[in-house]
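S.K.: Protein sequence lines, in the order shown, are assigned to chains A and B.
Per this note's numbering, the first sequence starts with residue 1, numbered consecutively.
Per this note's numbering, the second sequence starts with residue 1001, numbered consecutively.
Derived from the structure by calculation, the hints contain no laboratory data.
Errors might be hidden in some of the hints.
Partial list, derived from the structure: chain A residues whose beta carbon lies under 7 angstroms from chain B [what the hints assert, rightly or not]:
{"no.": "1", "residue": "M56"}
{"no.": "2", "residue": "R88"}
{"no.": "3", "residue": "M94"}
{"no.": "4", "residue": "F96"}
{"no.": "5", "residue": "T104"}
{"no.": "6", "residue": "I138"}
{"no.": "7", "residue": "F314"}
Virtual Cβ for every residue (Gly too), placed ideally from N, Cα, C.
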Amino acid sequence: MSAPLLACENLHVRFTTRASEVHAVRGVDFEARAGDCIGIVGESGSGKTQTAMALMGLLADNAAASGSVRFREEEILNAPARRLNRIRGRRISMVFQDPMASLTPFLRIGEQLCEALRQHSGMSREKAKARALEVLGIVQISDPRRRLRMYPHQLSGGQRQRVMIAQALMCEPDLLIADEPTTALDLTIQAQILAFFRSLKKRVAIVVITHDLGVVAGLCDKVLVMQNGRIVERGAIERIFRAPRHPRTRALLAALPRPGRNADKLTPDSAPEAGAGSGPLLRVDDLKVHFAARARNGLRSRTVPLKAVDGVSFQIAEGETVGIVGESGCGKSTLARAVLRLIGATGGRIAWQGEELSRLSRKAMNERRKDLGVVFQDPLSSLNPRMTIGSIIAEPLRRFHPEMSREDRDAAVLNALREVGLEREHRNRYPHEFSGGQCQRVSIARAMILKPRLLICDEPVSSLDLSTRKQTIRLLHELQNRHKVAILFISHDLSVVRMVCDRVLVMHLGRFVEMAEGNTLFDAPSHPYTQALISAIPAPGLMAQQQAQRIILAGELPSPINPPSGCAFRTRCPIATSLCGEQAPAFRMLENGAQAACHYA
Amino acid sequence: MLSYALKRLLVAVPTLFVIITLSFFLIRIAPGGPFDLIPNLDPAVAENLRKAYDLDKPLAEQYGNYLRRLASGDLGPSLAYRDRTVAELIAEGLPVSAQLGLTALCVGLFGGMLCGIVAALRKNSAVDFTVMAVAMTGVAVPTFVTAPLLTLFFGLRLGWLPISGWNNGQFAHIVLPVTALALPAIAGIARITRGSMLESLNADYVRAARAKGLPEWKVIARHVLRPACMPVVSYLGPAIAGAMTGSVVIETIFGLPGIGRAFVEGALNRDYSLILGIVIVYAALVILLNLLADIIYGYLDPRVRPG
């Protein structure tokens, strides 16, 4: 057997902070050989990222690494930068988690791509540029010549991640380390990127670091599971999925969305009493939100409408849970904000218990807000960093119940903390002291403290680890059963929506393309877009060959400024015909009770 | 970019108008008049002078006349320097002030950024602490304290440098005024540069650049310096204004024939038209240089480039 490409032995990483020493990585051993594809899996804080940083010599200043890391038998741990720089970027390259943050915002894509190549090979500018075009072709970016001159912010999330991967491939490395390469992306884009990684396996050895076992399924051959800085289980991927030994591995597996109907469905304690004879709680009719966007037309720029939400109608009954699903940019968050009147609607009606919200004065609208709770996507940035947890939760009470005594308010806050599973002592602390999951609990406590009738959750779990995700959804579900609140649940991830929602609306480019009961939607999706979204959920049971059969949507959402004619989905649709380009399909009732906008549903 | 600059210049017109109007009425509210300092002035002569300089009319009419003349580019005659126009006085003084201010600004920029970069790269070392301590002092001690101290030490005690006079901008004559004027800018810019350097050194894209195997100096030069400059560019606006107000003090202390000193003398003499003229020049300069700073900012950060 040949010598391993990378051998990591007894790796330790310690961080010294003013208060204490944190032992983040505690004796990690593994080897990667040519042709390997290894997954390192663990929750945030398990030391997996710090392991990768130590390998690359990228640890923070206050970190110290010990042990041994050898690349082709040359010791590189704690090697001087000059020696390290002959290897990193050239023989070992890295793909980082957040492509927006990890691409330098003020350098053109071309400059960033060529940088490493020119450094390591001394290649001329023209030759490097030719290589960059070639690699952009490998990562399947459209119009590569134009991309070279663009800046990162001009690309979409999926394109940025492709650029990151292209950057890592420029020097034809032997080993590629990818740290959460798909976590910041939509599921549809994740499926594209993972399929691409599978195609890369022939070229380069890969180490994938992730919190999501679904990502390594069908990609990696070996899996290492990390917890508290140690590898707690390792083995071939089939064995890990079939017979996990360590409790942590089992927990990670349990956090995955399971295939098959109802597997994760949380059933309500009692069915919601349909409407209770008083009509729907919220009724949205033909809602439109258009923004003014600037389009360049030669030298002159003119203003064109960007139709973020373009005529959607739906209702929510008392106590019902309705899910809205679609990719980033489809208009689902804009829809939520328009319902809350956080942004103005361009047209249509929003009726709250029969009363039209859009006609209310600002003051009257603010009074209605006590019945409308909201939980946002990013838990940390939606909490005021200068306020304690207690005062954050108490703030709605101060606004709507100023007569409340201090004691009563404190009692209500303590009760709310208990309901979301936080401790009494937490009320005097500040948001940054908490994990993402805990912050989201605070956000939920704040939204629920006034006992609203409708809770709008905009991607409430997308930024959380898988296991935290399930706990948070379970919490929402419990609160709903206890307080009989209706929930509008917005997510790009159908597996999350499936857990809680009675009814699901699928949104594409500002319009609904399908509306169905939760089970109907998952068992028999009618619209090809819904089928693709379901197919994009990482299915851990499937191994490599089966993964290849999944529907992977080509490209990304078309621009809402200039949508395709006819059916807006046709450019990415596997079954589109010429009819789809000529005529937009109407939203119609199907035999199974679902509604869909497709000529062929 | 061009249309953006033009738009900004158009907005500058009403801004200037407000500044002119406010200054016009404010200096006239101040007690005293332009001829109070002339000894033994015959009341009849004073009346004639007032008439000659258009000061006998109602205030509103004076204001209208001033604007009308200004629109045709005439800043009017100086009230204190007989037979001189404000335009002549400014044309004499502005080159001196501009040379002083721009040199100080350049020294402040380069000195400040250099200190800030060195301090950030040697974070928490003796160098860092020294630079930051000096910078802190530079921010805290005003120009009218540092200037006399510099004069006392380098001019009188050591006798190395002349302590006053312009002498056609001879190098030895501008060293002390430029130093005194640049010190607060150096201090402020050093602190800002250090802070933004430390922040951008921690950015994810800097780590990504290191992962490419670039030598550290290339990482700094290509990926760290540019974002680190941005807060400095935003600070240029206030720094420019600071250099101008500073020059008023510095020119007076060092006896330099710039518009700063003319401004002080004009204020003491109630030379209405001279004060207004210099205010207009200052305001226009601040507006222009701020626009320049914003354009540089857009060049550094493609994300904020206008449409």
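S.K.: Any of the earlier hints contradicted here, and which numbers?
M.R.: 6 and 7
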